[in-house]
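Protein chains: 2
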Amino acid sequence: MKEFTKTLRDHGMKVTPQRIAIYDILINTMEHPSAEVIYKKLEPIYPTMSLATVYKSLDVFKKAGLVQELNVGESSFRYDANVNSHPHIICTACHKVDDIEEGIFSDLVDKVNSFTNYSILKQQLYFYGLCPQCK
Amino acid sequence: MKEFTKTLRDHGMKVTPQRIAIYDILINTMEHPSAEVIYKKLEPIYPTMSLATVYKSLDVFKKAGLVQELNVGESSFRYDANVNSHPHIICTACHKVDDIEEGIFSDLVDKVNSFTNYSILKQQLYFYGLCPQCK
DNA sequence: GTCTCTGCAAAGTGTTTGCATAGGC
DNA sequence: GCCTATGCAAACACTTTGCAGAGAC
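Same order as they appear, the protein sequences are chains A and B. According to UniProt numbering, the first sequence is numbered sequentially starting from 1. According to UniProt numbering, the second sequence is numbered sequentially starting from 1.
Don't take every hint at face value.
Put simply, identical chains are the same to the list, so a pair is met inside one copy or across any two.
Subject to a maximum C-alpha distance of 27 Å in a straight line, what follows is the list of computed DSS-like cross-link-like pairs (lysine-lysine) [stated by the list, open to error]: (1) Lys122 <-> Lys96; (2) Lys122 <-> Lys135; (3) Lys40 <-> Lys111; (4) Lys96 <-> Lys62.
If you're looking for bench data, these hints aren't it; they were derived computationally from the structure.
Build out the structure end to end from the sequences listed, making use of the hints.
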């Protein structure tokens, strides 16, 4: 959280209670919430909180490299405070989004680099299937 | 194209000039166009073509398994007449979307299956970087 | 005190829907 | 002739923007 404060200040951005609350949710959950879900969680604590503030804060965090935006194929984005390009797995029944250990794919970027002539900067790997509880 | 006609009919769906034109664009391009782009290409030939028809047709194709929808992280979906779950690579400069040979990742799904306890149904793999022309 | 942030409402963007007419089969 | 598709406009869902007042530093 020290790092969070520093990173924002280094980017000339202010540390507000709203931003702290939003970031706090993101580092303490595994569920990769959308802006709407974050907003719903904050409403009871910050009754005046606005969805626009959630969006603006997430945008700020994204620019500061504090969160990454996930596009799992739903209508809305999801957010992850783990900014590594780690793979995700989405349950097609209950729609939860889990992380997959990055190590499994260690050689993947090298393979793609040598096959394509692109310079890979990042990757987004999504697997879809039934989770243990839903199968 | 025979297959296309048969597949639609098998699903109780009609084969219309608009649908043929949309599908024809998709099988003859490598650029993975969005609905908007498809619409723009068709406008000169079908002046009465409507964006809603493009969306409805793409939806029909998706349900019939004739196209897949790609979510490369832009504001709109892109469409691909190649329905295999093959990986894509997106240039972060010119935003073109290329295919990557599927063979490279043959063992990936098995790995994920054994590590996660999910039953994987499909995957969407996106790599981002600079294409040969843009670097 | 300055300059960014918040929170409201309004606008924007891609997509979907309702419905009357057109057209595939 | 039946029943689905088209095409227009209006609705929708998520996100962004404008702006006046509040608040971080």
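We went through each hint and held it up to the structure:
Proximity of Lys122 to Lys96 under the C-alpha cut-off of 27 Å is found in both arrangements, the shortest distances being 23 Å within a copy and 16 Å between copies. Taking identical chains as interchangeable, the C-alpha atoms of Lys122 and Lys135 lie at most 27 Å apart only when they sit on different chains, with a minimum of 15 Å there against 32 Å within one chain. Proximity of Lys40 to Lys111 under the C-alpha cut-off of 27 Å is found in neither arrangement, the shortest distances being 42 Å within a copy and 36 Å between copies. For a Cα distance limit of 27 Å, the shortest separation of Lys96 from Lys62 qualifies both inside one copy, at 22 Å, and across copies, at 23 Å.
Consistency with the previously given hints fails for number 3 only.
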